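Those sequence lines, one after another, are chains A, B and C.
The first sequence begins at 847 in our numbering and counts up by one.
The second sequence begins at 6 in our numbering and counts up by one.
The third sequence begins at 14 in our numbering and counts up by one.
Note that these hints are calculated values from the structure, not bench results.
It should be emphasised that the depicted structure is a prediction, and the values quoted were computed from it without experimental measurement.
Where hints are given, some of them may not hold.
[As the list claims (entries may be wrong)] Covered stretches of chain B, going by a simulated chain C footprint (3 or more residues, C-beta under 8 Å):
| hint | region |
| --- | --- |
| 1 | 20–26 |
| 2 | 30–44 |
| 3 | 48–56 |
[Unchecked claim] A short, non-exhaustive set of chain A residues, derived as facing chain C with CB atoms under 8 Å:
| hint | residue |
| --- | --- |
| 4 | M896 |
| 5 | L898 |
| 6 | L899 |
| 7 | K901 |
| 8 | M902 |
| 9 | F999 |
| 10 | L1003 |
| 11 | G1009 |
| 12 | G1011 |
| 13 | G1031 |
| 14 | V1063 |
| 15 | Q1066 |
| 16 | S1071 |
Just so you know, even glycine gets a beta-carbon here, dropped at the ideal spot from N, CA and C.
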Amino acid sequence: MNKLSLPGLLGLVIRRDLMLAMRRRADVLTTLIFFVIVVSLFPLAVGSEMDLLRKMAPGVVWVAALLASMLSLGRMFSADYLDGTLEQMLLVPQSLSILVLGKIMSHWMLSGLPLVLMSPVLGLQFDMSGQALLILVFSLLIGTPVLSMIGAFGAALTLGLRGGGVLVALLVLPLCIPVLIFGTGAVIAVTSGVSPASNLSLLGAFLLMSLLFTPWVSAQALRISME
Amino acid sequence: MNWLDFFAMKGYAWYVWGSYGIAILVFIIEIILVMHKRKVTLQQLHLIRDAKIED
Amino acid sequence: MAINMFKYAAPSTFYGLAGKLIPVFAWPAAILFCIGMYIGFFVAPTDAVQSEAYRIIFIHVPASILSMFLYLIMAGYAALGLIFNTRLSSMMATALAPTGALFAFISLWTGALWGKPMWGAWWVWDARLTSELILLFLYLGFIALQSSIEDPRRADRAGALLAIVGSVNVPIIYFSVKWWNTLHQGSTVKLSGTSMHIAMQQAMFTMFAALWLYAVAITLLRVRSIILERERNTQWVTELVEIKQ
């Protein structure tokens, strides 16, 4: 096989992951259904008073997105780890970071992106205004990739361990808190009549920073877990 | 100095002594746990030593 | 000096040194604790606004500062272990974690007990207290991760990576929480504004020193057990007095 360029490698990893996921469509759907159910639980739990729901909406949607993202993290590396593909990936001469980035991107496409697309529908359940919905979608669009990246780090670190999903969540959730704060902050800003620009730009900064560092750090974590 | 007044801490007794009480309790528990761990580790090493002697 | 330092970088030599150092730190810790408590309760005057309840700060503030300080030291040792492949550095990181976590817990508990009489709620979402809670989660994550990995070397290195990423995140988390706190107009847990009475400063500093010395002593004690466990198959361990008798 010809030596692949880095973008070529990236495309290969993503295409492969997407193909595998298509064969197991249920996995992708369960994440989405979980998201919808969690969000729907809140009005049932706190009552249908619209004022309260409107205030809670960004927080609820964001926390649900966070939890749904945690749930699907197990899938990122474990399948490849179990059938030996991951070991082969470690031997690839091209950068392992690129491979990890590819896995992160396909994970986001399969769990983050559906959440982003679903969120306006859920936001309507909470009687969010059009403006708020737009900013919610936008904040999720920028923020969920960061969640996938932080999640990748956690998944790589806990590869093959007994603790399972709970351990990953324990490690990853504290690190996701800034994303949560500014994600919801953006929506709250717009509903208070203030510009969401500062929140969104901070989210953007998080996105850039994670793009720069997370693939490499996660690759190191994979090496530590695999030797 | 009136000791009763001192302990009452102007009504905040539970909060003040509750804080220091828990802190000291935590330290004591930590010390006990670490010393216990040492004891258990030494016991395990003695077992290994005895097993080696038997060979 | 440099040669001496490297001599004690080996578990075998450090074990003995640590044993000798424990009383050197433990006794002053106990004495300073008593002195600090004395100054805090008998010398420092009653606060104008917060009455006697403010005296909690003499344990709360040192515990908070130390919990953060210990996390950085832990991450530093872990990083050393990762970069230079020195087992002892990683063992020190593992030894520091429970102490740091307990200090974070004390900080939260005393913070809540300070908040209740002062601000009426057991938990005020003050930026510092909330960051402290997240710090506790970071400690617990580190401990949980190391506990679930069987292979000691993988545990060392995975923990190190987690601790380093955690340290980098601590300022980000603190900044985010601070911003969030101002947005939601939370309260700030503070003393009555103006400069502190000299005795309060003395009590605070003494208690801080006491707790720091305690942390060193207890960590040295803990690391000795870790060393024994990890190095149980070596010659020098079997030759130890504790083992031979």
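Exercise for the section: Kindly indicate which numbered hints from before are broken by the structure, ordering the numbers from low to high. Expected result: 4, 5, 6, 7, 8, 12
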